[in-house]
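*Asks:* One-letter residues, chain by chain:
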Amino acid sequence: MSSRRSARSPLARAICWAGLVAPFGLLGLSPGSAEAAEPEITSDTAAQSYDVRSPTGATVIARRRLTTTLGVSVYDLYDKPEDPTGPSLSFRARMRYDADYGGSGAETDPTSSGLVPGFDRGPIDLMYGYVEGRRFLGGWLGFKLGRQYVVDSLGWWSFDGGQVKITTPYFFAAEVYGGLEQRGGMPLSTPRFEREGVWRGDRSGYDPTLYPSFQPNDIAPAYGAALESAGFTWLHGRLTYRRVDNTGASNVSQFANGLRQPVSYSGTRVSQERLGWGFDGTLPDIGGVKGGLAYDLYNARFANIFASVDAYVSRKVTLSVDYDYYVPTFDADSIWNFFLAMPMNDIGLRASWDATDHLAFSAGARARAFEVQTANENVGTLPGSGATAPNSLPDGNYFPKSSLDMMGGGNLAARWHFGEGAVGARSNADFASNGERLGVDIYGERTLETRYVLSARTGVWQWDDKLRPDRDATSFQYVLGAGYKLWQRSLVFVDFEHDMNRIAGQRFRGMLWLSLAVSK
Amino acid sequence: MNPKPTKGVSAIAYLVLVVALVLAACTAFAQDPPPADATPAPPTESTEAGTPSDSDSDAGPGEGGTIGPAAPPPSATSAAEAQAWVTGAELSSGLSPLPNNGALPLKWLPPGAFEQDRGPSAAVYPPQKLTLRFNHKFHVEQQKMQCKTCHAGATTSESVADRLTPKGTACDACHGTTHDDLNRVTPGSEASGKCNFCHLGYKEGDGNLVAKFDIPRPNMVFNHQKHAVRNINCQQCHGDVQELELATRDQMPRMRGCFGCHQHPDAAARGEAKAACETCHVKGGAKEGGRIKTAFPSGEMQPPRWLHNSQHTPDFVQRHKYVAANDSQFCANCHKEEFCTACHDGRVRPRNIHPNDYLNMHAVEGRLATQKCTSCHREQSFCLGCHQRVGVSMSGPVKDSGRFHPPKSEWSDPPRRPGHHSFEANRNLNACVSCHIERDCVICHGGKGIGGGFNPHSGSFVGGCATQFKRNPRPCYVCHDPGAAVLQRCK
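Keeping their order, the protein sequence lines are chains A and B.
For the first sequence, the numbering used here gives the first residue as 1, with consecutive numbering after it.
For the second sequence, the numbering used here gives the first residue as 1001, with consecutive numbering after it.
Just so you know, the hints here were simulated from the structure itself, not pulled from any lab data.
Possibly wrong hints are sitting among the right ones.
Claimed, not checked - Using 25 Å as the maximum straight-line C-alpha spacing, the simulated DSS-like pairs for lysine-lysine come out as follows:
id	chain 1	residue 1	chain 2	residue 2
1	B	LYS1448	B	LYS1491
2	B	LYS1372	B	LYS1408
3	B	LYS1470	A	LYS165
4	B	LYS1470	B	LYS1491
5	B	LYS1137	B	LYS1212
6	B	LYS1399	B	LYS1372
7	B	LYS1293	A	LYS520
8	B	LYS1129	B	LYS1226
9	B	LYS1107	A	LYS316
10	B	LYS1274	B	LYS1336
11	A	LYS466	B	LYS1491
12	A	LYS466	B	LYS1372
13	B	LYS1129	B	LYS1148
14	A	LYS520	B	LYS1336
15	B	LYS1287	B	LYS1226
16	B	LYS1293	A	LYS466
17	B	LYS1226	B	LYS1336
18	B	LYS1137	B	LYS1107
19	A	LYS466	A	LYS401
20	A	LYS520	B	LYS1372
21	A	LYS165	B	LYS1448
Quantities reported herein were computed from a predicted structural model and do not represent experimental measurements.
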């Protein structure tokens, strides 16, 4: 049997820590002067208390959450802050503590039958921490070093490592990056940025024969490159490539040890390899187009294609058409890549109207075509009998006549801004063969005398679960909030939410926010 | 429903709310007011933000404020008062850009302006208070004056903090007035030298009291000299002011017009004109998280719709991916990471995305549009973890929360009927992954000897599986023995 224990080696740990700590070390090497640098410390804290109830109305979890972040940034480390087009060097980092004091000890005890693998009652993570240089070498060189985000047509992603970007005066830029993907269970990390489909984390202390679907984590080398236009705002495009590898061991057998072999698989293997492209173009008097795609090289299929066309039909009105194609794809370690998953095709019509400088409306209607099977995809052997049948199922299988299962919906939103406040409404409707949802939220917020903040929100929502008709409900809710601005960008705020529906009865949520910002 | 805890929680929640409100009110009243966001900052060399307007006390009468208590107006003699007032003269011109407030043709507006646009951004160019009657066209066409005759500093100014509107003394030579001492302005002898000839609202007997004139400095970075040196004339940015009587905010440059040079495709024509936002917009420093400053007393900067189609309409939150997926750096010019992470890596439910009571209704929306969920939530950690805790997951430790799916006989037993789970899985596999772990599926879908042998693959699966097997065989082994005959087809 291969090792089921997490294969996180001392070397892997060292690499992870080096990636996290490097930006802090580099701060000491920066060429900036103390006078030029502008530090900033920010913190956001949210304390929440609410119940999670089952469809029977019983409280399943009493969540008592505290989420607090601490951000430290230093800008203008390079001594040329007076030149906005000159080189700049900055450092940004933010840590987070996210606790649920409503969690029980059994949920995190690997020896308890109440264990929820991967659950941590108070994880701490480094959301980002990097040194960024811009416009060095006459504007050609930009770089980032540390834990950083990449946002493009391949999604929202995070890694520890370095990125170098060369911006030419010839309207294009080239970018390369490499490092380790941020993965759950690693030091100061969350699983948020891993590809879907693998339940992964720190198995330290776990019985190797239990919870085999909860996979041991290990470092995931990652690299990527991008070509991007630069200098134009009316025409922009970005072509991007990314590859991430899985390393270390993975549990293969999903059952108790010994039922089958191999129990685990170990080795470097692809996690994701994707190609993405995004573009937009605008003609200010006419309109604009946008588009993008993500192609999964491992699955050899398009995971997502989207396009949007905006027509500026008047100074105040924009009409738009959106298209979205989506097929689920997963981490290459996941079995779900191999399940038959049909694409979704969405088409939407949108309109926005700037009635005045303060009043705006948006409306949209959309339709989605889920594709479904109209005949068997496979013929297999019936378990036990040796006879053949579609998908190894007995005879008498039902297939719909149409390959399209449609759903529709719409939304309407309005917003009115005035001096120190805003009032708005947002409604949404979805209609499908397996469920419906319809509702509206109305909200308002007002700041009085520049420091007292009041807010209110109320809504009515109705949902219809066609798979479980006994779970239909209409919900009425309201939220009342009040706050006080301590100083610029610093606020203490309290709000109270009351939800009412026939399934969960009366539910309440109390929240306390504290935002603090101090800068030079 | 459990009434006892509900009442208890309700009472505690109300108590906390009342205590918090009382504390907030006490704190508020015990402290000095915080610096109002609406107060302009003093002028600084580095930011050029919040610079004073053309209404400070050393301004000429054409731009000066009402004389305040520190400098009481001298008592005017009735003769002088009479000299300052004129009637019957042509006083109707110079009150608006065109006579009788006629519509301004697009060709005379600054480059980049639109027909019937609402003028330049109030955040960048705060609203002005013009209390002067002035006819540019008359001065340029009939008096043969050039722009720099009055706006002398316009070719040498390096900062928006510089005042470029002329002082009253600039008028003296032609109008016969004397504005050297604003407390003792002497009117001219001709009608054109009388105070009310130029100063709107001036009344007979007001002496040196004139209405306040206010042109706030723009909230941007601009160097007139750099542009003048490149022979960029006034009209190239301000439009055909020489055709107008009164010049208003409408003649201030438009960003789209600036792009005519700053994004010119030809490098020689573009010269040193940089396209970066910080070239013209105020760099915020630490107070803005290293981004450009977007909030000003006069308003908040918002992108126009022609800029990446990124107008922040009421439904922008639902369509912003079209912008961010293509050019996230564009967003990052104004937004810090935490603005994005608040939702995309968030721990607190944003109510503008998920309405109240979303916990109870999210299952229905998730089933309809799970791919939207994955833009912020990871299914096999965020969703699965919570579903295991509350007991709606097949594999979690809690087993008494009731079955989520329809009865087993309809949902998962063969043969396939309407409402069978296979249809739901085919059309929205993400929804399955938000609750189920691999083992849940392998029990039935694993190959012979491992699971029930029900084949989940598509009909074309075998055609491409060899490449997948070669690059990562791990998922294959979950359902198939390494030596299984069926697996050989993918080797």
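*Asks:* Sort out whether LYS1372/B lies within 25 Å of LYS466/A, counting only the CA atoms.
*Replies:* holds (21 Å)
*Asks:* Between LYS1107/B and LYS316/A, does the CA-CA distance stay at or below 25 Å?
*Replies:* Status holds; Cα separation ~21 Å.
*Asks:* When you check the alpha-carbon spacing of LYS1137/B and LYS1107/B, does it fall within 25 Å?
*Replies:* holds (15 Å)
*Asks:* Would you check the hint for LYS1129/B and LYS1148/B, treating anything up to 25 Å between C-alpha atoms as holding?
*Replies:* holds (23 Å)
*Asks:* Does LYS401/A lie within 25 Å of LYS466/A when you go C-alpha to C-alpha?
*Replies:* Holds, at about 20 Å.
*Asks:* Holds or violated: are the alpha carbons of LYS1226/B and LYS1336/B at most 25 Å from each other?
*Replies:* Cα-Cα ~31 Å, so violated.
*Asks:* Would the pair LYS165/A and LYS1448/B pass a check requiring their Cα atoms to be no farther apart than 25 Å?
*Replies:* violated (51 Å)
*Asks:* Holds or violated: are the alpha carbons of LYS466/A and LYS1491/B at most 25 Å from each other?
*Replies:* Measuring from Cα to Cα gives roughly 43 Å; hence the hint is violated.
*Asks:* Verify the proposed pairing of LYS1293/B with LYS520/A, using a straight-line Cα cut of 25 Å.
*Replies:* holds (16 Å)
*Asks:* Holds or violated: LYS1470/B and LYS165/A, Cα atoms, limit 25 Å.
*Replies:* violated (33 Å)
*Asks:* Hint check: LYS1470/B vs LYS1491/B, CA-CA at most 25 Å. Holds or violated?
*Replies:* Roughly 7 Å separates the two Cα atoms, so the pair holds.
*Asks:* Quick one, are LYS520/A and LYS1372/B close enough, alpha carbons at most 25 Å?
*Replies:* Distance of about 40 Å is beyond 25 Å: violated.
The structure does not agree with the numbered hints 2, 3, 6, 8, 11, 15, 16, 17, 20 and 21 stated previously, though it agrees with the rest.
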